[in-house]
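Given chain A, put chain B in place with the hints provided.
For the record, the sequence lines run as chains A and B.
Each residue of the first sequence is one higher than the last, beginning at 1 in UniProt numbering.
Each residue of the second sequence is one higher than the last, beginning at 1 in UniProt numbering.
Worth flagging that the hints you see were computed from the coordinates, not collected in a lab.
Where chains are identical, the list cannot tell them apart; a pair therefore holds if satisfied intra-copy or between any two copies.
Derived pair list, reagent style DSBU-like, types lysine-lysine, alpha-carbon separation capped at 35 Å:
1) Lys264 - Lys468
2) Lys310 - Lys534
3) Lys468 - Lys307
4) Lys310 - Lys264
5) Lys224 - Lys468
6) Lys468 - Lys434
7) Lys310 - Lys379
8) Lys485 - Lys389
Number of protein chains: 2
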Amino acid sequence: RRSGMGRAMGLAVGLLLGLLLVPAVLVSTSFRRGAPPSEPTPEPAEWELAWGAVPEDSLWPLPQRLRTSGRQLQLAPGRFQLVHGAGSSLGPGCGLLEDAFRRYYEYMFGQSRRRQRGHRPLGVRGEPELWQLQVVVESPDPGCQSYPHLASNEAYHLTVTDPVAILKADEVWGALRGLETFSQLVYEDDYGSFLVNESEIDDFPRFAHRGILLDTSRHYLPLKSILTNLDAMAFNKFNVLHWHIVDDQSFPYQSIYFPELSDKGAYSYDHIYTPTDVYLVIEYARLRGIRVIPEFDTPGHTQSWGKGQKDLLTPCYSGEQPTGSFGPVNPILNTTYNFMTKFFKEISSVFPDAYIHLGGDEVNFDCWKSNPEVKEFMKERGFGIDYAKLESYYIQKILDIVSSYNKGYIVWQEVFDNKAQLKPDTVVEVWMGKNYAHELSSVTEAGFTAILAAPWYLDYISYGQDWKKYYSVEPLNFTGSEKQKKLLIGGEACLWGEFVDATNLTPRLWPRASAVGERLWSNRNVTDLRDAYKRLTNHRCRML
Amino acid sequence: RRSGMGRAMGLAVGLLLGLLLVPAVLVSTSFRRGAPPSEPTPEPAEWELAWGAVPEDSLWPLPQRLRTSGRQLQLAPGRFQLVHGAGSSLGPGCGLLEDAFRRYYEYMFGQSRRRQRGHRPLGVRGEPELWQLQVVVESPDPGCQSYPHLASNEAYHLTVTDPVAILKADEVWGALRGLETFSQLVYEDDYGSFLVNESEIDDFPRFAHRGILLDTSRHYLPLKSILTNLDAMAFNKFNVLHWHIVDDQSFPYQSIYFPELSDKGAYSYDHIYTPTDVYLVIEYARLRGIRVIPEFDTPGHTQSWGKGQKDLLTPCYSGEQPTGSFGPVNPILNTTYNFMTKFFKEISSVFPDAYIHLGGDEVNFDCWKSNPEVKEFMKERGFGIDYAKLESYYIQKILDIVSSYNKGYIVWQEVFDNKAQLKPDTVVEVWMGKNYAHELSSVTEAGFTAILAAPWYLDYISYGQDWKKYYSVEPLNFTGSEKQKKLLIGGEACLWGEFVDATNLTPRLWPRASAVGERLWSNRNVTDLRDAYKRLTNHRCRML
Numbered sequence: 001r002r003s004g005m006g007r008a009m010g011l012a013v014g015l016l017l018g019l020l021l022v023p024a025v026l027v028s029t030s031f032r033r034g035a036p037p038s039e040p041t042p043e044p045a046e047w048e049l050a051w052g053a054v055p056e057d058s059l060w061p062l063p064q065r066l067r068t069s070g071r072q073l074q075l076a077p078g079r080f081q082l083v084h085g086a087g088s089s090l091g092p093g094c095g096l097l098e099d100a101f102r103r104y105y106e107y108m109f110g111q112s113r114r115r116q117r118g119h120r121p122l123g124v125r126g127e128p129e130l131w132q133l134q135v136v137v138e139s140p141d142p143g144c145q146s147y148p149h150l151a152s153n154e155a156y157h158l159t160v161t162d163p164v165a166i167l168k169a170d171e172v173w174g175a176l177r178g179l180e181t182f183s184q185l186v187y188e189d190d191y192g193s194f195l196v197n198e199s200e201i202d203d204f205p206r207f208a209h210r211g212i213l214l215d216t217s218r219h220y221l222p223l224k225s226i227l228t229n230l231d232a233m234a235f236n237k238f239n240v241l242h243w244h245i246v247d248d249q250s251f252p253y254q255s256i257y258f259p260e261l262s263d264k265g266a267y268s269y270d271h272i273y274t275p276t277d278v279y280l281v282i283e284y285a286r287l288r289g290i291r292v293i294p295e296f297d298t299p300g301h302t303q304s305w306g307k308g309q310k311d312l313l314t315p316c317y318s319g320e321q322p323t324g325s326f327g328p329v330n331p332i333l334n335t336t337y338n339f340m341t342k343f344f345k346e347i348s349s350v351f352p353d354a355y356i357h358l359g360g361d362e363v364n365f366d367c368w369k370s371n372p373e374v375k376e377f378m379k380e381r382g383f384g385i386d387y388a389k390l391e392s393y394y395i396q397k398i399l400d401i402v403s404s405y406n407k408g409y410i411v412w413q414e415v416f417d418n419k420a421q422l423k424p425d426t427v428v429e430v431w432m433g434k435n436y437a438h439e440l441s442s443v444t445e446a447g448f449t450a451i452l453a454a455p456w457y458l459d460y461i462s463y464g465q466d467w468k469k470y471y472s473v474e475p476l477n478f479t480g481s482e483k484q485k486k487l488l489i490g491g492e493a494c495l496w497g498e499f500v501d502a503t504n505l506t507p508r509l510w511p512r513a514s515a516v517g518e519r520l521w522s523n524r525n526v527t528d529l530r531d532a533y534k535r536l537t538n539h540r541c542r543m544l
Numbered sequence: 001r002r003s004g005m006g007r008a009m010g011l012a013v014g015l016l017l018g019l020l021l022v023p024a025v026l027v028s029t030s031f032r033r034g035a036p037p038s039e040p041t042p043e044p045a046e047w048e049l050a051w052g053a054v055p056e057d058s059l060w061p062l063p064q065r066l067r068t069s070g071r072q073l074q075l076a077p078g079r080f081q082l083v084h085g086a087g088s089s090l091g092p093g094c095g096l097l098e099d100a101f102r103r104y105y106e107y108m109f110g111q112s113r114r115r116q117r118g119h120r121p122l123g124v125r126g127e128p129e130l131w132q133l134q135v136v137v138e139s140p141d142p143g144c145q146s147y148p149h150l151a152s153n154e155a156y157h158l159t160v161t162d163p164v165a166i167l168k169a170d171e172v173w174g175a176l177r178g179l180e181t182f183s184q185l186v187y188e189d190d191y192g193s194f195l196v197n198e199s200e201i202d203d204f205p206r207f208a209h210r211g212i213l214l215d216t217s218r219h220y221l222p223l224k225s226i227l228t229n230l231d232a233m234a235f236n237k238f239n240v241l242h243w244h245i246v247d248d249q250s251f252p253y254q255s256i257y258f259p260e261l262s263d264k265g266a267y268s269y270d271h272i273y274t275p276t277d278v279y280l281v282i283e284y285a286r287l288r289g290i291r292v293i294p295e296f297d298t299p300g301h302t303q304s305w306g307k308g309q310k311d312l313l314t315p316c317y318s319g320e321q322p323t324g325s326f327g328p329v330n331p332i333l334n335t336t337y338n339f340m341t342k343f344f345k346e347i348s349s350v351f352p353d354a355y356i357h358l359g360g361d362e363v364n365f366d367c368w369k370s371n372p373e374v375k376e377f378m379k380e381r382g383f384g385i386d387y388a389k390l391e392s393y394y395i396q397k398i399l400d401i402v403s404s405y406n407k408g409y410i411v412w413q414e415v416f417d418n419k420a421q422l423k424p425d426t427v428v429e430v431w432m433g434k435n436y437a438h439e440l441s442s443v444t445e446a447g448f449t450a451i452l453a454a455p456w457y458l459d460y461i462s463y464g465q466d467w468k469k470y471y472s473v474e475p476l477n478f479t480g481s482e483k484q485k486k487l488l489i490g491g492e493a494c495l496w497g498e499f500v501d502a503t504n505l506t507p508r509l510w511p512r513a514s515a516v517g518e519r520l521w522s523n524r525n526v527t528d529l530r531d532a533y534k535r536l537t538n539h540r541c542r543m544l
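Bound-form chain A, shown alone (with noise of 0.2 Å):
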């Protein structure tokens, strides 16, 4: 009853199978591709060894530099430790670390109900024992009290051999990395014995940022959700939220300073983000080496906010009489300033990452033509009928604001696109679907900072395997000089919210969104769809 494609089969037969497919017997020792490119490219036959025969089969997203044996370690979960290492500037005072061993412990071992049985012996095949993992954060300054960043160093190099594997990284946000990938190595075989091979990794990002974007605004979404998203993220080594928290249809995060704005431009008095809230994500993100970069997109995207702030938005003309209707921010009047001063205050001051995202997508001019007054002022200001030249002012001004504040910023590409006169270390957010190569080859050429989310916007969903489309995607494949491909700083995948809600955020967003992980952490020349699907369907069933 079924075309063609009714015989694929799913991408997520692996999880039914419920225990990771590894034999007992490992004996060759393999390199995997993600070596740096000097090295040859592995041929097929390797492969074909490789298949199924390794316990990297599991490893998502790939790690740059990778060696195992077939030599196996036995693991006592009654035993074993997640401990800091000597040497080490962080210890028991961390809280972030500490926070991280229980985590890890619980996802290698908590899951297991043979675990129940009580303090068992190890299995009878005579493995020498893994006692410990010890975490050596080698940086006088490691990090463990602020806030992840653009600049955060997340390498780490992981030794696994008896008695004792050593994981160390300069910074405390590159043993969470290795923390994660550490968890990922370790497996249960058929007898409930923990298992790890003896392996060596060396590891960091390909691209320094690399984001979900989540909208909490066409559909509201629980803490919960967000929450377990930034699990999903950390197993995926994701490590920016995009949080587009208000738009047109609700703005649901409670204001300090403006509460009106969601107590009237919210769904209802539930569907809000208290300060508490805020706050907890941000926490919770911290602890996984993520940061939270929220969104208040402006000028257009901002029907919600004319809710709970009076003449914010422009009112909209039929001829003479005004319609009743709103557009845009109003960009002509001193009180739109004022309350953006003091709005942006409270958001650089409520949200600790060193970037704001300030949106100015898909402005809708027709409104403000339809305006006497905007009109009058464009005269006065010498634009003609350019008003691209009104968008810009507009968000010149914010700039000035949002900097003032110490504060960097993204935006989307029209901002550029539009000519706004913005300072070099602005961000460039790149959306647009068509010839998204050419526009990273603008920003870039312009000197600008770029990031790439147009060919990755998950939120259109199509039948089948479309995660093989976004894993396909080369985000370097743009003209341009060495300097410019150095200015592509990472990317995002984006959830847009008008079809998505709690009820199936997570299944809908991974693992299609691991795809992107793995393309914005591993190596450029990670690129076997094969591969790739046999590990993230292994992948997959440890996430869920």
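Positioned in the frame of chain A, the structure of chain B alone reads:
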């Protein structure tokens, strides 16, 4: 950051509002679509009036005839009763109805947090109180202990006026449908009062067979997912679970006679349906007036059968040599028919429904063509090189077996297309997307009963509100006489399992399948998308 599509509001917004949007004061009597075709279709202006102003704004599927007034009645959760009415042929001895009373009481009042504050007085606005819903089942053989079947009478008549509402039905199945409708009429206002408008409803299904296909072979579905789906089906007045229980990928049905089929053919020992599981599904469905029609598809789609039943499948050849691969069921061996006789004896006894779905789709002839013994058999029988004749030969024998157990059968359209000799009472399910109207003409012209699935393959997903596409299908839009039209007994929404498992089943199927539910239940002239959108939004909210 989005195309024009981006501005579309999601179908699901309603859910976030938490409460049904029903204003407190209603004054007009309204008549709704669903009236007999002889009545004039209401004018758009009338709909403007009705928009957001009548309680039946959340009825789904829309009853055939409906009249409500603005007169409101109050229900006191602590006092209101669902009871057997005077003259009913059913009483407390009917567990099915008692169970339904409890269930619908819970749906109407159980969710209310306010109820937990104890026995509350009625609202102070002085509405008259509705004390009871009296259910009167009139037939002397109302079906309480039996199973629903194709000819079950699901019609009911509901009168809501103080002091008691009366629900009359010929059979218990109609009472179940009426209880669902009554529960949809009751709403809670902003002050926690439960209200219902005076109403009169006369309702019956347009089509007798209204099915949902679930596929538990491509992905195993835990029992809980299947039961949850049966609840959702009852909310939408579906009455057939087409259980596509096994296929190439896995054989989760645990057979009593042939336990090796699932021992070796299921994804794992855990991923099976035991006899108890199957019984639970059938009984849970029966209590909701839902038939369970199992599909055991042969001779194709049977790879998983081969694992636990030696010599059942045809060995494929390359030249003179067996390749080690297997094709469809081997139609030339007596052992095949011995197996099928015993197997379908079990199936006929385990599943009480009068029908079994025998599949018969997508038989690939390549393997049969390669096998020397099959070729020899073709020669002996005088089939020439027409393998459709061999397929028909096989199907004919299976039909005879199943007939001998007094079961009817449903087959996919190829069995008809390939000109198998079918008994006149065969039901043909039309699934191929191209020219399905033409296929309906052919099938019914040949005098066979038909079920339509083709336009309702809900596993094919796409961006946006595709429920409108499913909703806009008119099943009787095919060329044929009145007699032919009567042979189309209904349709099915199919959710094939390649990309569906417990993580996404519910949000992927509902409320998209609700569109099919209304198409199969309500009057042909209920086609207004705007009205449907409004009701469906509220219906989704209630289902959640």
